[in-house]
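Put together the whole structure using the sequences plus the hints.
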Amino acid sequence: MLEAIGLGSADELFDSIPQDLRLQRPLNTPAALSEIELLDRFEQMGARNAGAARISFKGAGAYSHYIPTIVDHILSRSEFFTAYTPYQPEISQGTLQTIFEFQTLVCQLTGMEVANASMYDGSTALAEAVLMAERVTRRSKAIASSAAHPQYLEVVRTYVQHAGIHLELAPFDERTGQSSRELAESVDDSTAALVVQSPNFFGCIEDLQALADAAHAKGALLIVAITEAMSLGLLRSPGACGADIVVAEGQSFGVPVSFGGPYVGLFATREKYARQIPGRLVGEAYDKKGHRGFVLTLATREQHIRREKATSNICTNEGLIALAATVYLETMGRRGVQEAAKQCAQKAAYTARAIAGVKGYSLPFTGPFFNEFVVRGPGKAVDLLARIGKEKGIDGGIALSRFMSDRTHEFLVCVTETNSRQQIEALLEALRTI
Amino acid sequence: MSITKVTSHISPNEQLIFERSQTGRIGYRLPALDVDEVELNIPDEFRRDDDLEGMPEVSEVDVIRHFVRMSTWNYSIDVGMYPLGSCTMKYNSRLNERVARIAGFANLHPLTEEQDAQGALEVIYELQQHLAEITGLPGISLQPAAGAHGEMTGIMIIRAFLDQRDGAAASHRRTMLIPDSAHGTNPASAHLSGFSVKTIRSTAEGLTDLDHLRELCAHGDVAGLMLTNPNTLGLFETNIKQICDIVHEAGGLVYMDGANMNALVGVARPGDMGVDVIHLNLHKTFSTPHGGGGPGCGPCCCTKELEPFLPVPRIVKSSDSSFQLDYDQPRSIGRVKAFFGNYGMMLRALAYTLTHGNDGLREATEAAVLNTRYVAAGLVEDYDKPFAGSPMHEVVFTDKRQSRKGVHTLDIAKRLIDYGFHPMTIYFPLIVQGAMLIEPTESVGRQELDQFVAAMRSIASESVEDPELVLNAPHNTRIGRLDEAAAARKPVLRWKPDTD
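First to last, the protein sequences are chains L and U.
Under the working numbering, the first residue of the first sequence carries the number 1, and numbering increases by one thereafter.
Under the working numbering, the first residue of the second sequence carries the number 1001, and numbering increases by one thereafter.
A portion of the hints provided could be inaccurate.
In silico SDA-like cross-links for lysine to any residue, where the CA-CA straight-line distance does not exceed 25 Å [to be verified]: (1) LYS288(L) <-> GLN1015(U); (2) LYS1317(U) <-> PHE403(L); (3) LYS390(L) <-> GLU43(L); (4) LYS342(L) <-> VAL1038(U); (5) LYS1241(U) <-> ASN28(L); (6) LYS289(L) <-> GLN1015(U); (7) LYS309(L) <-> ARG1489(U); (8) LYS1317(U) <-> SER401(L); (9) LYS359(L) <-> LEU1040(U); (10) LYS1304(U) <-> PRO1138(U); (11) LYS289(L) <-> TYR87(L); (12) LYS342(L) <-> ASP1044(U); (13) LYS390(L) <-> ASP1326(U); (14) LYS309(L) <-> VAL1197(U); (15) LYS218(L) <-> ARG139(L); (16) LYS1405(U) <-> ASP1382(U); (17) LYS342(L) <-> PRO1043(U); (18) LYS380(L) <-> ARG407(L); (19) LYS141(L) <-> GLY164(L); (20) LYS342(L) <-> THR1023(U); (21) LYS289(L) <-> HIS1475(U); (22) LYS289(L) <-> LYS1490(U); (23) LYS141(L) <-> SER1196(U); (24) LYS1198(U) <-> GLN1433(U); (25) LYS1198(U) <-> VAL160(L); (26) LYS289(L) <-> PRO1497(U); (27) LYS380(L) <-> GLU425(L); (28) LYS392(L) <-> GLU1114(U); (29) LYS1496(U) <-> ARG335(L); (30) LYS342(L) <-> SER1021(U); (31) LYS309(L) <-> ASP1180(U); (32) LYS289(L) <-> ASP1466(U); (33) LYS1385(U) <-> ARG1457(U); (34) LYS342(L) <-> ARG1047(U); (35) LYS390(L) <-> GLU1122(U); (36) LYS1198(U) <-> GLY164(L); (37) LYS342(L) <-> ALA1032(U); (38) LYS1496(U) <-> ASP1062(U).
In short, the hints are calculated from the structure, not lab data.
Below, the structure written as C-alpha cells:
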C-alpha cells in the first residue's frame, strides 16, 4: 500500500511532523500481551479488590440491584455497542428509537414532561441543572441543601465557579435528617433555584411539595436530584410534587456498580423549558412516505451549532448505559419497578428496626427513609466497619466521617432487594458480636 | 464498476414498547419478600399514587425481540467501515469487554475503602503512567467522562493557574483563542470556564495563521489557545512549536484537543511540542466502544507545573507501594464528576494498551495514516481536495465538483448508505464548504478501502449521469430521509397514550 501511494517507508507518512518533534525511540510502555496473559493480569488485579467479594450494604450514590440477564446480552449486540452517535438517522433507527423510549420512561418515572438522551451521571446532571436554572430565571444564586450527596455538591461547585452563580448551602435538620426550614426560608428574589436531593444523602425523604411551593413563591425553580432512582418506583414523583428540573443517577436501573462508572445521568424538565435543556434530544419525524422514524432534534441548542452560546458543552453522553436502563426498565416494567422498590423499602425498614434493637446502636434521624438510613454505633464507625469487613466478610455500610469529619460514630446502611434475609441476619449478628 | 453491498437495512417494523404493552404481562421474577411486611414509615403524601400508568408491561421474549429487531436498523463498526472523520471509529476488541466484566471490578463499590480496592486503583494508576508516556505530559486525571468534559477540565486548570500566577491581574486575561476549524465543544467549554472566545483564521493551506495569531496575542488579554493537532482538516500543524512559543510569550497557555491523537500515538508527543494541557478520548484513540453515543472517557493530561490544579482525588502510589486517594490538593479546580470517572472505560483502555504493546500502538498509528493516504489518493481524481498538504489520519474533500449538477455533500453521504457504508462526517469543519471528512482508522483492510473508494467514485459518476438517483438516496433503508425541520418545529420528544 505504501507503494500505491508513492512512499518508500512508513516513516515518510509522518513527513509533515518536523523531525525534532518526532519520537526517536519506542514508547516506554510494556510489550504486547497475549489474551491469556492479559486476562491473567486483570484477574489478579481484580482479586486484589476484596470489597467486590463481600456481602454489601453500601449505597450513597451507587446501588447493588438485581440486573436481569438479558440486559448485558442486549448491550453486547454489535449493532448497539459498536455504533456511533446516531447522526445518520436512516441507519441509526435502533439507537434513536431506544433513546426515544428512554426519554419517555424517564418522564414517566420522574413525572416530568421532557427528558434528554442522558448526561454523564447524576452529579454532572445536577451541575447542568443549576446552570440551566440560571438561564431560565436570569438569577444568579442557587441554594442547596447540605443533605445532598457531598460529591454532587462538589461537582456543582466546580461547574458554577466561573459561571457567575453563587452557591449557598443550607443546613439540614439534625433531628429529622431532612433539609431544614432555613432552606425554604432562604429563598429570595435573587434565587434561581432551590437544590434538594430526595431521598437525600442520609436516605431521608424530603417534603418536595413544600419546597416547590417555597421556591415558586419567589419565582425560583425547584431542582430535585435523586441518587437512588429505584425510589421512583415507590415515592411520589418529583414532577407530581411541583419540581421544575429533575436529575437522577440512573445506575440503579441495570448498571453494575463498577467502581463508579460508567453510569447514566437522567435529566428531565417541563416542556416550556425544552429549548434550555443541555445535551441531545431525540424526537419523532416522518419520511416522504409517511413512515415514522426518530431523529436528533432541537440541535440549535447544542455546541456543534451554537458553539460558545450552546446550552452545554456536552457532546458524547452515556448512550449505551441509557440503553441498559431502557432494557432494564422495560424488562422489569410497570410491575417490576414497583415490586423491587417495595422490597427495598421493606427490607430496609426491617433492617433498621432490628439494628435499632441491638445494644449500643440507634437511628439518629427521625425522617422517613426509602432504602438507606443512618445508624449511630457505639464506637468509631470506620473501625467498626473495617472489623466487620475483615472478620465477617460483610461490607456494613459507609462511615459518614469520610464526608463529615465530626460524625465519627455514624454510618450509612443501604438495603436492596438483592440483600437476602440471611445476609441481613449476618449483618445483625456481626453488629451484636463486634 | 461493480460494488458488493456490505449490508442492507430491511427489517420488520417494530412498534414502540409502549404500543406493545399488554396489561398484566411481566418479564421478571424477584424472590418472594423474605422479611415480615410492615407498614412503612412513609406518609401517604410522599408515595406514588399513579401506579406508574403507561410504563410497559411486556414479557422477556417481547423485550428481546423488540431490541433485536431495532438493532438490525443500526449500522455499526462490526458491520463495516465507519469513516466518520474526527470520531475514530475503530474496532472494539471483545477481550476488552470481557476484562470490564471481571467480577472483581464490576462488583466493586466506588466507596470501597482504599485497602480493599487496591487492584482497581492500580488499574487507574497504571493507565495514568502509560498515558503520561504517550502524551509526554506527566499530570493525569481520568475523572472526566468524555472529550468535552476533559476540555472543560483542562480549560478550568488554565484558568486556575492564571488566577494564581497573576492574582487580580488575571481578570484582564479572559480571552481564549480558537481556530475557525475547531470542534464546537471548544468554544462551549471555554465559555463554561468564563472565557470569551476569539477566532483565529486558517491559512489557504489549512493551517493556523501565524500572523493572525500574533496579532491576537498582542493585547495582553490572551489566556490561552485551544488547538486540535492534527487539526480538523487532518493536517499536522507544522508550526506547532512556534505557535506554542507565541502563546507562551504572550503569557497564555496552550490547550490541545486530543480528539485526533490517533495520528500521533507512538510517533510524536504533545508534551514535546510545547503543549501545556490536553484531553484524550479513550472512546476514540483507545478503542473503548462508542455505544451509540457514549460512554466516553476524557482524561486530562498536563505539565508538571499544572498538575496541582487537576481534579481531586488524585490516585497516587505511596512509599509502601500501595495506591491511595489524595484529596490534599488545595489548588485543585475541584471535582468534575462523582467517584472516579467512567471506570469501565479505563479498564478497556488499559487492556487496549497492553494487548497492542508499545510497537503495536505505533503500528496502529501508521496503519491509520496509511489508510487515509490510500483513500485520499483514490478519490483525488473525482472529488475536490481543498488542501494540498498530506493528510494524517483523516482527509477532507468537498462536493465542489458534484454541486455543479446539484448534488451536495448530504446527497453523497446518503447515497453511500446504499453502497453499504456509513457516511463520512459531513459539513465539518465549518470553514470548508460542503466538507466531507473521511477517517478510515486502522481497522480497515485494503479490500474494504478499495470498495469504499469504488463506491465513492461510482457516486461521482452517478452525480453526472443520474443525479436524481443520488438526490433521492438512500433507496434501500427501512425509512427514507426524515423531515428534520418539521421535527424541530413541533417537537415530539416522548410517547404519550393519546398520540397513538
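Quick rundown of the hints versus the structure:
1. LYS288(L) <-> GLN1015(U): Since the Cα atoms of LYS288(L) and GLN1015(U) sit roughly 19 Å apart, the hinted pair holds (cutoff 25 Å).
2. LYS1317(U) <-> PHE403(L): holds, 23 Å
3. LYS390(L) <-> GLU43(L): holds, 21 Å
4. LYS342(L) <-> VAL1038(U): holds, 11 Å
5. LYS1241(U) <-> ASN28(L): holds, 23 Å
6. LYS289(L) <-> GLN1015(U): Since the Cα atoms of LYS289(L) and GLN1015(U) sit roughly 17 Å apart, the hinted pair holds (cutoff 25 Å).
7. LYS309(L) <-> ARG1489(U): With Cα atoms ~20 Å apart, LYS309(L) and ARG1489(U) stay inside 25 Å; holds.
8. LYS1317(U) <-> SER401(L): Judged against 25 Å, a Cα distance of about 24 Å means the pair holds.
9. LYS359(L) <-> LEU1040(U): holds, 23 Å
10. LYS1304(U) <-> PRO1138(U): holds, 6 Å
11. LYS289(L) <-> TYR87(L): Holds - the C-alpha atoms of TYR87(L) and LYS289(L) are around 21 Å apart, at most 25 Å.
12. LYS342(L) <-> ASP1044(U): holds, 14 Å
13. LYS390(L) <-> ASP1326(U): With a Cα-Cα distance of about 24 Å, the restraint between LYS390(L) and ASP1326(U) holds, given a limit of 25 Å.
14. LYS309(L) <-> VAL1197(U): Holds: LYS309(L) and VAL1197(U) sit about 11 Å apart, inside 25 Å.
15. LYS218(L) <-> ARG139(L): holds, 11 Å
16. LYS1405(U) <-> ASP1382(U): holds, 14 Å
17. LYS342(L) <-> PRO1043(U): holds, 14 Å
18. LYS380(L) <-> ARG407(L): holds, 9 Å
19. LYS141(L) <-> GLY164(L): holds, 9 Å
20. LYS342(L) <-> THR1023(U): Within the cut-off at roughly 20 Å; holds.
21. LYS289(L) <-> HIS1475(U): holds, 12 Å
22. LYS289(L) <-> LYS1490(U): Given that 25 Å is the threshold and the Cα spacing comes to 19 Å, the pair holds.
23. LYS141(L) <-> SER1196(U): Satisfied, since the Cα-Cα distance of roughly 22 Å is no more than 25 Å.
24. LYS1198(U) <-> GLN1433(U): holds, 21 Å
25. LYS1198(U) <-> VAL160(L): OK: LYS1198(U) and VAL160(L) at ~22 Å, within 25 Å.
26. LYS289(L) <-> PRO1497(U): holds, 24 Å
27. LYS380(L) <-> GLU425(L): Holds: LYS380(L) and GLU425(L) sit about 22 Å apart, inside 25 Å.
28. LYS392(L) <-> GLU1114(U): holds, 18 Å
29. LYS1496(U) <-> ARG335(L): With a Cα-Cα distance of about 19 Å, the restraint between LYS1496(U) and ARG335(L) holds, given a limit of 25 Å.
30. LYS342(L) <-> SER1021(U): holds, 22 Å
31. LYS309(L) <-> ASP1180(U): holds, 15 Å
32. LYS289(L) <-> ASP1466(U): holds, 22 Å
33. LYS1385(U) <-> ARG1457(U): holds, 14 Å
34. LYS342(L) <-> ARG1047(U): holds, 11 Å
35. LYS390(L) <-> GLU1122(U): It holds: about 21 Å lies between the C-alpha atoms, which stays within 25 Å.
36. LYS1198(U) <-> GLY164(L): Cα-Cα ~21 Å, so holds.
37. LYS342(L) <-> ALA1032(U): holds, 11 Å
38. LYS1496(U) <-> ASP1062(U): OK: LYS1496(U) and ASP1062(U) at ~20 Å, within 25 Å.
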